[in-house]
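Enquirer: Modelling step: build the complete structure from the supplied sequences, incorporating the hints.
Residue numbers (the working numbering), protein chains in the order written: chain A, 1 to 362; chain B, 363 to 528.
Heads up, a few of these hints could be off.
[Claimed, not checked] In the DSSO-like style, the derived pairs of lysine-lysine whose C-alpha atoms are separated by at most 27 Å in a straight line are: (1) A:Lys176 with B:Lys466; (2) A:Lys176 with B:Lys461; (3) A:Lys181 with B:Lys389.
[To be verified] Far from chain B by the CB rule (all over 10 Å, computed), these chain A residues: (4) Gln72; (5) Lys83; (6) His102; (7) Glu115; (8) Val127; (9) Cys138; (10) Met144; (11) Ala145; (12) Gly158; (13) Thr272; (14) Val275; (15) Val331.
Calculated from the structure, these hints are not laboratory results. All C-beta atoms in this analysis are idealised placements derived from N, C-alpha and C, irrespective of residue type, glycine included.
One letter stands for each residue in the lines below.
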Amino acid sequence: MSNRVIKNWQVIFLLLFILIPSAFANANAEPEKKFDAGKFIFGHIRDDYSWHITSVGEHELSIPLPVIIKSQSRGWFVFMSTKFNHGKDVYLGFKISQDKAHIGKIMEMLPDGSEVRPFDISITKNVFSLLISVIILCWIFLSMAKTYKAKPISAPGGFRAAMEVLVLFILDEVIKPCIGKDYARYTPYLLTVFFFILLNNVLGIIPIFPGGANVTGNIAITLVLAVCTFVMVNVFATKEYWREIFLVPGVPTWLKLPIPLMPMLEFMGILTKPVALMIRLFANMLAGHMITLVFMALIFIFGSVSPFIGAGVGVFSVLFAICMNVLELLVIFIQAYVFTLLSAVFIGLSRVEPHHEEAHHH
Amino acid sequence: MELFNPETGLIIWMLIVFLSVLFVLGKYAWPAITGAIAKREQYIANAIRVADEANEKLERIKDERNEILGKAREEQNNILKEVQALKEQLIEEAKTKAKIEAEKMIEDARQSINAEKEQALKEVKNQVARLSVDIAGRVLRKNLEGDEAQLELVNKIFDEVKILNN
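Expert: Structure follows, in structure tokens:
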């Protein structure tokens, strides 16, 4: 009995490996009808001008969002993204590009036939998700602050207690030990960063509106966060921090005098730290989204070959996707924690005080 | 690849949104929350300290009480001892007084007995003298015939009286 089951499995696996390439071949041959995994995955990961929820037959169900663009020659334009009819129409000389270089972005069609990218500050899916998350964030913590002000001594309950555990965790395990005595100045920034990332990560793994936007997996978001940390690290840095970067005490003089090798390396370090922060959060969150989407895409890839194989693969894909989502639950917390922790560590490094031995030396 | 190309519009929105949420939470939420948590921590620390102090005080009071009790007990013992001593002394005194009194009484009694005895002896002597004189008179009246015999008798009586008077 069990032997037969194993044999059946082997057959199915064999079939799978034979059919995968043909499925891709089919998808390439007839892009209109066949399922395009790349488009599916990147369509979910990419920022968008409308918030696509689902398709009901031919009809696309999505939340329209405002487009705000400034043409270099014609000035400002504000209209709803429905005007593009899901990228099919051209509106006022603007269209949503299908080219590889600017895929999914609004392009202005100039009279000479060329296309340029207008200055675009549209409320996109990510911006809208950002606004929702910020409203939730403010609502949670302002209401919490109100309760704390009303009765500071009484112990919190329910959701407030859970939030307090997180606040205390970040405060006592990250901020205080990493920064040291001047931690109070950085507390608001680090707490905001942690909860901002955490909430956006949480919203990211909720598949339906208001979740599902790939906010923290977008490099523009992590770029701004990394720049903020860069500012917090370097603006309030101590003199000793700059002295250690440019004078590099304790290193032979020949490494810094004719060619300032060590100072250059140290200076590079200032820049690589925030870049590492930016890439780490972006890549982790993007990968998490991608894996889940790949498992989902597998169902449709095999489904386009045969509905039965699609259903069979679907069971395992869903199981794997659930496992990945459980892992993601861990990852969203860890990434928020790591970003906050590293920011705190970098800030702590910028708060160095002169050492006593060196003070004697000079 | 477009995924690695940060969009200007999104950067601008992110800056606006993040900085405003940082401002709002930094001004209205975090100070209140961390302040309240710190306040509560301080309150709890204070409460524990006060409880410790109260316990210490209680311990001290217990010690003091024990000390006072000990002292009181000692005092009591002392007083009891003193009372005992006083009692014994009083009894001793009373005994000596009684003895002296008794001796005095005995002495008085002896003296008065002596006096009575003397008186009685005197009286007996007088009686005897009178009786002797009487007897002598009677004897004399009978025997006063010869002079020589009379003289001898008178002398004899005188001697006897002398002995008696001594």
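Enquirer: All hints are to be evaluated individually against the structure, with a verdict given for each.
Expert: Quick rundown of the hints versus the structure:
Restraint check for Lys176 of chain A and Lys466 of chain B: the C-alpha separation of about 103 Å exceeds 27 Å, so the hint is violated. Between Lys176 of chain A and Lys461 of chain B the alpha-carbon distance is near 96 Å, which puts this suggested pair outside the 27 Å criterion. Among the hinted pairs, Lys181 of chain A with Lys389 of chain B is consistent with the structure: their alpha-carbon atoms are about 21 Å apart, no more than 27 Å. At roughly 14 Å, the least C-beta separation between Gln72 of chain A and chain B is larger than 10 Å, which holds for a residue marked as non-interface.
With a least beta-carbon separation of about 18 Å from chain B, Lys83 of chain A lies farther than 10 Å from that chain, consistent with its non-interface assignment. With a least CB separation of 8 Å from chain B, His102 of chain A falls inside the 10 Å interface cut-off, contrary to its annotation. Distance check on Glu115 of chain A: its Cβ is at least 15 Å (rounded) from any Cβ of chain B, clearing the 10 Å threshold; non-interface status holds. Against the 10 Å criterion, Val127 of chain A falls within the reach of chain B, whose nearest CB is about 4 Å from its own CB.
A beta-carbon of chain B comes within 10 Å of the beta-carbon of Cys138 of chain A; the shortest separation is about 6 Å. Listed as outside the interface, Met144 of chain A is inconsistent with that label: its C-beta sits roughly 6 Å from the nearest C-beta of chain B, within the 10 Å cut-off. The Cβ of Ala145 of chain A sits about 4 Å from the closest Cβ of chain B, inside the 10 Å cut-off, so the non-interface label is violated. The beta carbon of Gly158 of chain A sits about 16 Å from the closest Cβ of chain B, which is more than 10 Å, so the claim that it is off the interface holds.
Non-interface call for Thr272 of chain A relative to chain B: holds, since the shortest CB-CB distance, roughly 17 Å, exceeds 10 Å. Interface exclusion of Val275 of chain A from chain B stands, the closest Cβ pair being 12 Å apart, more than 10 Å. Here Val331 of chain A stays apart from chain B, with its beta-carbon at least about 18 Å from theirs, past the 10 Å limit.
The structure fails to meet hints 1, 2, 6, 8, 9, 10, 11 from the earlier list, while all remaining hints are met.
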